[in-house]
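*Asks:* Here is how the chains run, residue by residue.
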Amino acid sequence: MSAPAGAWEVVIGLEVHAQLRTRSKMFCRCSTAFGAPPNSQTCPVCLGLPGVLPVVNRRAVEYAVRTALALGGRVNARCRFARKHYYYPDMPKNFQISQYEEPLAEDAALEIDGPDGAPRRIGIQRLHLEEDVGKLVHEGTLETAAASLVDYNRSGVPLMETVTRPDLRSPEEAAAWLRAFRAVLLYLGVCDGNMEEGSLRCDANVSLRRAGTDPLGTKVEIKNLNSFRNVQRALEFEVRRQAQALDAGERLVQETRLWDADRAATRSMRSKEFAHDYRYFPEPDLPPLDLDPAWLAAIRGDLPELPRARRQRFVEQYGLPAYDADLLTQSRALAEYYETAVRAHANPKALSNWIMSELLRELPGDDEAALARCPVPPAHLAALVRLIDEATISGKIAKDVLVTMLRTGEPPTLIVEREGLVQVADAGALAVLVDEAIAANPRAVEDFRRGKAAAAKALVGAVMKASRGKANPAIVDRLVQEKLSRG
Amino acid sequence: MTTGAAAPSLAALAAAYRDGATTPTAVTEGCLGRIDRLDGRIGAYLAITRDAALADARASEQRWRDGRPLGPLDGAPIALKDVLCTRGVPTTCASRILERFVPPYDATVVARLRAAGAVILGKTNLDEFAMGSSTEHSAFHPTRNPWDLQRVPGGSSGGSAAAVAGGLALAALGTDTGGSIRQPAAFCGVVGLKPTYGRVSRYGLIAFASSLDQVGPLAVDVRDAALLLEVIAGHDPRDATSVAAPVPDYTAALGDDVRGLRVGVPDEYFIEGLDPEIEAAVRDAIAVLRDRGAAVERLSLPTTGHGLATYYVIAPAEASSNLARYDGVRYGLRVEGRDLIDMVSRTRAAGFGPEVKRRIMLGTYALSAGYYEAYYGQAQKVRTLVRQELDAALARVDVIAAPTTPGVAFEHGAKADPLAMYLNDVFTIPASISGLPAISVPCGFSGSGLPIGLQLIARALDEPTLLRAAHAYERATPWHARRPALG
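Residue numbers (the numbering used here), protein chains in the order written: chain V, 1 to 487; chain U, 1001 to 1487.
Bound-form chain U, shown alone:
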């Protein structure tokens, strides 16, 4: 491969390494070269770990030469959302308050990637503390959509999605709390998978909303997402919420056959406000699945509409607690003050951006004495209803098919109103608050050339079925192979 071309898939890469057609060093240098040329315009990265990446690539190259690679990801250049702790490398959450924070440990997913031989290219941009849907709320710089630099890449894993779409990494890890992997994947025309809650360890993922956060892959195709999931999934004794179930062979579960698969299409996801181009693309995608042998049926998920409100109580409540530790006492930013309280206040005032402050205030209010039951308590009850409804639907069908987002990537600054921004998450939130696995795969383009995402949702821990359906769709359509023209 040449430094100018967009990246191949991880699966193709492993074959090329084995055959000696290319080397980890060449591919890593290729990625770094594209970053040098393009990231000034895209802004996908917050930090590039060039020297470490090249050293890791050389070590990988030696393993391939010795015929002892650590697995299919050995030598694969991968980017990490900057909420995943990396030992000795600043991990900022795109926030001033953690600008100088250098973790003394690797997140479990990072350790697993390293153990699999992956080459870490650097840390990608996000909305501060993963709070947002556009990557405009990074304290450092916004990220631009490789398909149209005037537009946002989505968020909060916008840096990871843009890096993969722009060929600035072969794949990336993101995190999804209310749609933060799937929505930017849809906006950037890549595959984004949010695994079942508990499938992937959260240890070392800097928490936004603990009961919702989940790490997952962003990749150029479904097979790559499966390959990455296989490496990062599995029980972690350091995460009490991680699931003990064995990790299936996700790549073996792929195939292009969906005969007998039952696909549910919920009415409530095709509502007023949904971009007609998206509706058309998603309905076409469902028709493709039917043509490939799936049984498609309509569903009704009436509580879906309550998901958004539920989410915007629970997530800020947990965030207000998780972010309490940033006080200037131990690490990160400190702004001195008259006394302790003054120091903490000044540090937090200077360190957090407006969206983070808004959510801390929302969450603090929701947990306050006298309001707890009306907000947090009530939200938990609705959350249970949404989950029960999805579980009941998924007892009848194997996957639910729906749009990932109500609209395509919007222009920078177009959604200055927080509520307009929050509405972007309406289709991704139900799977989040239900802890279910969900994937976004490219399913077409708007008239203006912007990618559209098809979202599939499956039963808890049924990533094999989810990936099989997504893969079958992908094999039948050309969308995933399109790349933005970046020169």
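One chain only, chain V, in its complex shape:
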């Protein structure tokens, strides 16, 4: 029995591990900085040596609470850590301190735009804290290596695991949700969102069911999704694979599959029969975490405006098109940049255009650090647009000025002044140039008089050239028209 094409409904849930932006690890004081020499950021605690004990990093708890509150979650007044057991050499204690029955927070949600543009609320089942494991380095490939080395720098780095409800309905939507989630983390300042360095990792659960039916199909977990693109591609592959199997009347097995980006395919890692028994039990070395309501209230009071709210406000307050608002709110740094510029010079649309078409060509808009380092601060960009609006320079000249600004970090006024780029708007001075152009181009004058209106453009061009672009083109055009008609 095979179902007609398109008869399957896709059901996706995501599990996202976000590395929290704390200076020190989850349970010890070692640095979390990325890229240090192997095992240079370790101590007896994160090496799991005999006799050591964990101590909870308060900042990590704060970051997870901030995220949970921002997503409308219920932060449990008391949560507990638990040990999750399995043997693997990247995990020094052969158990991971995580949370199980009493997570930090539950029942949150994050809205995204649905396919029809209407908001879709994607539920978040739980949000909890855990420690990261180390990294295995194989000499050659895993299969052929004679030896493996372990780098424990990452061991004990704080992770926040967020588990969505199976509310996502397409690979595209899953990728969009992950983008939106990442933007929220960046806004909250709790994660740097760097997927290449592994600061943000995603596993996906996907199953198919007959459209219009309730029970969930057999689910498959896909691991190793380290970019938005891979999330979407892996899910697309898996949806096709499952649909083909189901169409062919095969039964799917519940299993964990690994995404191989090079081969653009998922492959089986382990099936349910070989699933681990993690033997969770409450971590006896850590008392339950009782969160002070006053502390929670303080964190709640300090929450920033989130991307979707800000996007809406940009449309309403600045009259921006939705497209502009979406782009400008992709990171908190970029939105701050824009608003600072608008406060300095109230031309919201022009500033949006300059940021979108010029600035973002030079900088990634979701890179908070790059924006912070941008040689053109918002005040300078605002000043540049003001020079155009006040007809001090033309838009064309302004683009050249911006190139210099990006190179030198100087304010536009300084550059315009030093390079003598101030637009000539003095009709008297321009009249001299117009007269010279008319005298030097008798043919153009002749053409104009024969009724070839376009000939005036050649004369305006000649004046602009003579002024090295500084002449105000509107005034030049008026003067040329006047003189030719009069003559």
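Bear in mind the hints are in silico, worked out from the structure with no lab data behind them. All values reported here derive from a predicted model rather than from experimental measurement. No residue lacks a Cβ here, since even glycine has one placed at the ideal position from N, Cα and C. One should not assume that every hint holds.
[What the hints assert, rightly or not] Keeping only pairs whose Cα atoms sit at most 27 angstroms apart, straight-line, the calculated BS3-like set for lysine-lysine is:
| id | chain 1 | residue 1 | chain 2 | residue 2 |
| --- | --- | --- | --- | --- |
| 1 | V | 84 | U | 1357 |
| 2 | U | 1381 | V | 84 |
| 3 | V | 470 | V | 483 |
| 4 | V | 399 | V | 465 |
| 5 | V | 349 | V | 396 |
[Unchecked claim] Distance ranges between label pairs, derived from CB positions:
| id | chain 1 | residue 1 | chain 2 | residue 2 | range |
| --- | --- | --- | --- | --- | --- |
| 6 | U | 1384 | V | 194 | 43 to 49 angstroms |
| 7 | U | 1065 | V | 23 | 43 to 49 angstroms |
| 8 | V | 269 | U | 1050 | 24 to 30 angstroms |
| 9 | V | 297 | U | 1384 | 30 to 36 angstroms |
| 10 | V | 137 | U | 1058 | 54 to 60 angstroms |
| 11 | U | 1336 | V | 43 | 26 to 32 angstroms |
[Stated by the list, open to error] Residues of chain U placed beyond 10 angstroms of chain V at every Cβ, according to the derived structure:
| id | residue |
| --- | --- |
| 12 | 1041 |
| 13 | 1257 |
| 14 | 1271 |
| 15 | 1341 |
| 16 | 1350 |
Following the hints, complete the assembly by docking chain U onto the known chain V.
*Replies:* Same frame as chain V, but now just chain U:
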């Protein structure tokens, strides 16, 4: 003092150092001399840190000479159970798997002893990973009871108890999970104190059962136990389960007055199977307390009998988790294998003794999916009941008086059946699973000349009352002054 004589108390020692009657070097050499002469027969030590001890003794001697001792323990030769991490000195847990493990750090209690000027003589023997009640389960050699070399010293802190009883150290630290300080103290005729759970830092104590383990002193008398507790107790930021409450002046709380003290005597501790000589000695001891002004009343603690079963679920469950890290990857024993799993299996098969393996299997089973609730979950509920019952009793009385053990020291090999061995802990376990402070003080001798222990249990953090009662009893009786004849 001469090298032949058994050791004086720590309190007497400090006075002798102050008066110049003896020196830390002389006393340390005395201990080392007794170790040389006697430990071949007793087997209390796994390692002697002779050179470091003599160097520390000389430094202490200088401080006393300068009139600037670090405190009453300055220059006191002390032995450490070999589960306490010592920087640069092998810490083996009496296990092959940690035979070559050299910790890069000192346990907090070790650091505190050093800061108080104590001289560390060496590391004492124990049942492997503190699992046992006879010190027969050491991977290296058994320890013998100084009162009768055919008999066990108790366990698991048997090495520490035998060292103190035999004058091979002036005092020692042990650890108590289900009775591992009190039971060997009773068997060896010394004072053994298990503090309130959380009173003493566990950082650097190689874990057996995290929710039960506690470090405590073994000493020749109650005052010495108080002196040691004063030094090792107190909050440790590295141990999240350590208690923040200030440390009282325990020695100031001593005295010989128990007028008004309410002493409860639980029926369930005087049951069939209790050695009649022990019952008689303990009842005499209670009569002594009454004669000194205490109000004695009978109590019923009906859930006490469930303590043993509860303990033998919880302790192995936690142990199975704590001991997972010994896999041959990072430190300690490694037995090479075909692949990773094979290496880990071979390492653990070769590295752990039979009792440790038995408990790992018990604990792994108790935490397994499908059995967790029936075993671990149920045990936690019973644990709560036992604690509530003891708390309720201790709301009526100040201390509970009972035997420490059902029998006196048994002969080596006499309890080959694990269950017979486990029954030894029946009287010590209730205080352990309730986290309450408890002490064993010598209260007489059997007809065959073996020591008998009186156990006192007090409210959480009420070590002052516990020590006061024990001290008053000790002052009224001669038992603590008796020493084994070792030649």
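*Asks:* For every hint, state whether the structure bears it out.
*Replies:* Structure-based check of all given hints:
1. Distance check on the hinted pair: residue 84 (chain V) and residue 1357 (chain U) sit about 20 angstroms apart at the alpha-carbon level, within 27 angstroms; holds.
2. For the hint linking residue 1381 (chain U) to residue 84 (chain V), the alpha-carbon distance of about 22 angstroms falls within 27 angstroms, and the restraint holds.
3. Distance restraint check for residue 470 (chain V) and residue 483 (chain V): the Cα-Cα separation of roughly 21 angstroms lies within the 27 angstroms cut-off, and the hinted pair is therefore satisfied.
4. Proposed proximity of residue 399 (chain V) and residue 465 (chain V) is supported: the alpha carbons are some 17 angstroms apart, at most 27 angstroms.
5. Pair hint residue 349 (chain V) plus residue 396 (chain V) holds up; C-alpha atoms about 18 angstroms apart against a cutoff of 27 angstroms.
6. Separated by about 46 angstroms at the C-beta atoms, residue 1384 (chain U) and residue 194 (chain V) satisfy the suggested range of 43 to 49 angstroms.
7. Checked against the hint of 43 to 49 angstroms, the C-beta distance between residue 1065 (chain U) and residue 23 (chain V) comes to roughly 47 angstroms, which is consistent with it.
8. Take residue 269 (chain V) and residue 1050 (chain U): their Cβ atoms lie about 55 angstroms apart, and the range 24 to 30 angstroms is violated.
9. A hinted range of 30 to 36 angstroms for the beta carbons of residue 297 (chain V) and residue 1384 (chain U) is consistent with their spacing of about 32 angstroms.
10. With their beta carbons about 48 angstroms apart, residue 137 (chain V) and residue 1058 (chain U) fall outside the hinted range of 54 to 60 angstroms.
11. Distance hint for residue 1336 (chain U) and residue 43 (chain V): a CB-CB separation of about 28 angstroms, consistent with the stated range 26 to 32 angstroms.
12. With a closest Cβ-Cβ approach of about 30 angstroms to chain V, residue 1041 (chain U) is found to remain outside the 10 angstroms limit, as its non-interface label requires.
13. Non-interface status of residue 1257 (chain U) relative to chain V is upheld: no Cβ of that chain comes within 10 angstroms, the nearest being about 37 angstroms off.
14. Listed as outside the interface, residue 1271 (chain U) is consistent with that label: its C-beta sits roughly 31 angstroms from the nearest C-beta of chain V, beyond the 10 angstroms cut-off.
15. Not every CB of chain V lies more than 10 angstroms from the CB of residue 1341 (chain U), the least distance being 7 angstroms, so the non-interface label is violated.
16. The Cβ of residue 1350 (chain U) sits about 17 angstroms from the closest Cβ of chain V, beyond the 10 angstroms cut-off, so the non-interface label holds.
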